[in-house]
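**Q** Here are the chains, one letter per residue:
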Amino acid sequence: MSTVSPEATPGSPETPSVERTYAAYSRPFWQRVVLSREFAVIALLVAAIVFSRSQVEYFDGPQTMYYLFRDSASVLLLALPMTAIIITGEIDLSVASIVGLTSVSFGMLHDDVGLSATIAALLAIGVGVVCGAFNGFLIAYVGLPSIAVTIGTLALFRGIGAGLLGTESRTDFPEGWTDWAKDRIVEGQPYPMVLIPFVVLAIAFALLIHFSSFGRGIFEIGQNDEAAHFTGVDVARTKAILFVLSGAVAGFVGIYLTLVSGVARAENATGLELSVIAAVLLGGVSIFGGRGALHGVLAGVLLIGVIQRAMLLNGQTINVINIVIGVLLVLSVMSTSLLAASRRVLAASRGARSSGGPSRSAGKRLLS
Amino acid sequence: MSAATPSRDGSSLGAAVGALLKSREVAVAVVLVLLIAATTLKSDAFLFSSTGWRDLLLTPSMLVLLAVGQTAVIITRNVDLSVGSTLGLTAYLTGRLFIDTSLPIILVVLAAVLMGAVLGLVNGVLVAWGRVPALVITLGTMYIYRGAFLTWAGSDRINAGDMPRAFRDLGTDSILGIPVLTIVAVVVLAAVGYYLHTARGGREFYAIGSDPDAAHLYGLRISRRIMAAFVLSGALAGLAGAVSAARFGTVSSSVGTGIEFEAVGAAVIGGVAIFGGSGTVWGAALGAFLLVTINRSLPVLGISDFWQQAVVGALIVGAITLDRVLVRRQEKKLVAARDDAGSSHAGPPTREPVVATTAPGSPGASAPGDTSSPTDPQEGTR
Amino acid sequence: MTDATLVLKDVAKSFGSVVALRSGSLTVHPGSIHALVGENGAGKSTLIKIVAGVHRRDSGVFELKGEAVDFGSTAESKAAGVAVIYQEPTLFPDLSVAENIFMGRQPLGAGRRIDRHRMYAESRALFDRLGVELDPRRPARGLSIADQQIIEIAKAISLDAALLIMDEPTAALSGVEVDRLFAVARSLRDEGRAIVFISHRFEEVFDLCDTVTVMRDGDYVSTKRLADTTVDSLVAEMVGREVAELFPKTEAEIGEVVLDVRDLSSVGQFHDVSFQVRAGEIVGLAGLVGACRSEIARAVFGVDGYDAGSVTVHGRPVPPRNPRAAIRAGIAFVPEDRRKQGLVTEGSVARNVAAVIRTGLAKAGLLTSRAENRAAAPWAARLEVKTSALDMHAATMSGGNQQKVVIAKWLATEPELLIIDEPTRGIDVGTKSEVHRLLSDLAGQGLAILMISSELPEVLGMADRVLVVHEGRITADIARADATPENVMRAATNADPEHAEHTEHTDHEGAPA
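Chains as they are written, first to last, in the working numbering: chain G, 26 to 393; chain P, 10 to 391; chain A, -11 to 501.
Note that these hints are calculated values from the structure, not bench results.
Just so you know, not all the hints are guaranteed correct.
[Stated by the list, open to error] Stretches of chain A that chain G covers, calculated by requiring three or more beta carbons in the stretch to come under 8 Å of a beta carbon on chain G:
| id | stretch |
| --- | --- |
| 1 | 338 to 344 |
| 2 | 355 to 363 |
| 3 | 377 to 390 |
Idealized CB from N, CA, C, for every residue including glycine.
Bound conformation, chain G alone (with noise of 0.2 Å):
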């Protein structure tokens, strides 16, 4: 069948007498990790941990870790399509209202409805999904830009939470389900319950973004979404799966919210979306689509949520912590053009020598 192969022609003139070979990597391994932006964020969270257990009191106490993960599970879980979502170029500005529809969903379904916990939170998943899809929908086959379409939606799913329940509150849920969500793992461990779903939810999206022929499609279509579609990535349907995986996980993490707090209302995560951004930002995913990895973007999420609970023990305010990790993302997307820019000055006073007008700064492309 195929007419054509590797190996070289035999009768070919250009047979290269020696095949050539090529290393499979320019840097030696310790390099490649140690200097990617993954790591830093990776080192910066240790350094956080280190100094935190030394110098913060209490923050070595055996409940401190446990509201760590507790606290930070709703952005853990949030992250791991967000990060997929941004990696594509686009991004998500609605997680957190379809957190708060899908709370306000499974609150009803449950008490009002009088379905069983089960039902009604498989249904509410349903809900999620639903919502990924419109947003999927109209930002993949309409082709509509994502941030307008999420801010409307972010507006839309909200308000339809707030329409159905208004002020009020659902409260009644089994005791069975709302101690899992506070339940530990191993008990006088600090892990709770919820970091079981996350790790395999983890792990799938970390199979589903890094090694597999589906997640190289995500960062193709960030970096070059015209190249992807010639190469024959599906861009549509890639961007369509992930913002429906971004709805289910958002369903999910809207009935853990509510159990963990114990009351269905629409105003649940209200504002989380811009924390799970602020941390998959920080932990290293360009904004601009193709780069970034799934363990950078998890030690963001814990990073900012040692920061908050260390300076939270240290008797600072919630306000001085937002104003700290506000500094951190912008310092954090900041850093890529300083570096940039020292790098530009230096390769200037170098190259100013050498001739009368020089610009080492490479062509823009403008044209062609």
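Go by the hints and put chains P and A onto chain G.
**A** Below, chains P and A alone, put in the same frame as chain G:
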């Protein structure tokens, strides 16, 4: 040569009427009038009572100011998410200045505007010279500004008694039946609208948003314009902060939360393209007016006002979807027109078919952070 | 002769490790239309962009009107009286035609407010002078390339530039439009302006220009009066070697029909396109820029849709608008724009080479870099891609090497049919002949190849059969033995609808073997 040109002279009456009907501003205004009419039919007081009339005009003034500033930023292909936090911070500053100093009202308001402008300048500098998308920068400064506000305020709250009577009266006073704050908003709107439409600098805002690469080739001062847009947005958020203090008589810790999305939503509903280059402040102001009026109409119309946010969301999604449908239809028409022009000629066809869908700047193709950074200050400014 | 308007001498420019311009020289006098010719990649565009202030030269002399200049931005060059008309117009799609002409220098009325009436009137005056009818109020979005070009020219005239540079302005224009453009250029010359004209069409160069400068591989070759030279000697200087050497096409056995395209149409682009490509055959698709050659290829491969017609490979229909299905059917597509469509420049060599075949590399759904590296290495070696390691980003490589990566990526799919759009655009001469030899080898092994090229010598040298496209229709089907530059160009420029009706259905006979 220009067979596809719709009309030789746009000033002909038919074309003018057609353009008017197609204009987004008119469409939003019509919806707004219908909404007011329907609500008034249900309850006369909505329009014809003195407070009804006043509230109708007064309530949108804050969001109109924010939407005007936001529009200037969005037109340059950026976005400012920090306006809500800026508004909170400047509202608190207003109250604080009244408590701690005895400055005259006008200076206090100016201080709020100035503070807003400085916060906007920080955004502008970071975006224009940091070469980082505005979405990320203003998300960061949104946290920072709100954190600064709340840290400064602590558990304090500015109450009505803390501010001079004359200032609070501004929030309710009217001149010739039109509330003072509405007049302020309209004056700002007119000034910014006039600048964007008739000044060279204003047109450059549109050019930069329409095609940053072309703007670079034209040699436009991109960084400077982008900074100006952010300073304007910040200053208007500062003014909105003072307006909010006067209007509500109090400053709580939650003032301005979430309003950045409403401002972006108002602009989008009013026909401002999220990826820059087109739209007017008039449309954005009408969009803001519509959003606020929906909030107030729903209860009158017998719909729980808890649904208002959902209606707002549906409006935003509907508006951008409609835009896309219209653009698609127009592109199809253009392509078909070329085909006709090409085949109707017996001789060599006079025009080259072009793929209309590859027109630069078509919004669907780009991601929030387009790789060709709109804020590229590279050589244009150095 | 008066003093020169523009003097460039030994100007050099590199981008990273890629040398775009080694030693460019150009002297243009007022009242002269000066042709700048050379093959793609000869450095013409880089030279022009240095004059335009887009790039800064690394070294060399650059004088304008007798003064040494060094433009750091396009604004500086514009202020100094340089106007450039690029091949691809750069307009603001949302703004009106008039504003596109006058952006940043709109006529002002009272209170520094833009005087729109005057702006429209001045635009109309410019269009009248150019002999076009174009509404200055309409937005630039949706204009044809020709109309966009007119706006660029109007802009240049309104700038009152001393030096006007036109970079292949006629590439997308029809005969009438070209005549009009030339009339404008001549009147500007008679006003004493200096004009630089870049074109690949020799008849235009001889028709319009008085002087010609030839460039080759980033170097200056010669400057002559056009009256003293001939097309043949210009070509010889441009190419710098015998044309025949470049195209080592070997005879191959033509087999059964692989690709069969019937009555393919897309509104606004191409109409009733039918042709076949057989195993072992190289079919050249020739035509002017804008004739929709690439659009046909894109529709066949399925990255774009089409409105009517059918595509079959080995008799099996290929569903429309589905590149994956096309790949499964055995089609490979090396697109026109390497950096935007061909590869992901931010991606590594290995990932690019394995991009299409990677689904098959996954084990239990899991794909590792190791598997990609292992699969990519032999193909990179086969194409002799020059890179230190497989994880190097494609962005760091030269154009020729990038093209090899793209070809490797598609050969890795072991295709039945290779569609290759502008196989050697913008790559160095050495790599060029490697690519040609490779295509020849592949055809010899029985691969069906559809090659689109704007370089006539390449088409004539490589193709067993030449299909000529004009205005979205196939206007000629010429066998290798009969193909001459003249008959191909005639079919490409001067379509006779009657003629097209007869020839667009190919007579299903393979090219003479």
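**Q** Now tell me, hint by hint, if it's right for this structure.
**A** A quick look at each hint next to the structure:
1. Remark: the stretch 338 to 344 of chain A is confirmed as covered by chain G, as 4 of its residues place a Cβ nearer than 8 Å to a Cβ of that chain, reaching the required three.
2. Note: the stretch 355 to 363 of chain A has 5 residues with beta-carbon separation from chain G under 8 Å; the three-residue rule is met and the coverage holds.
3. Interface restraint, the stretch 377 to 390 of chain A with chain G: holds (4 residues with C-beta to C-beta distance below 8 Å; minimum three).
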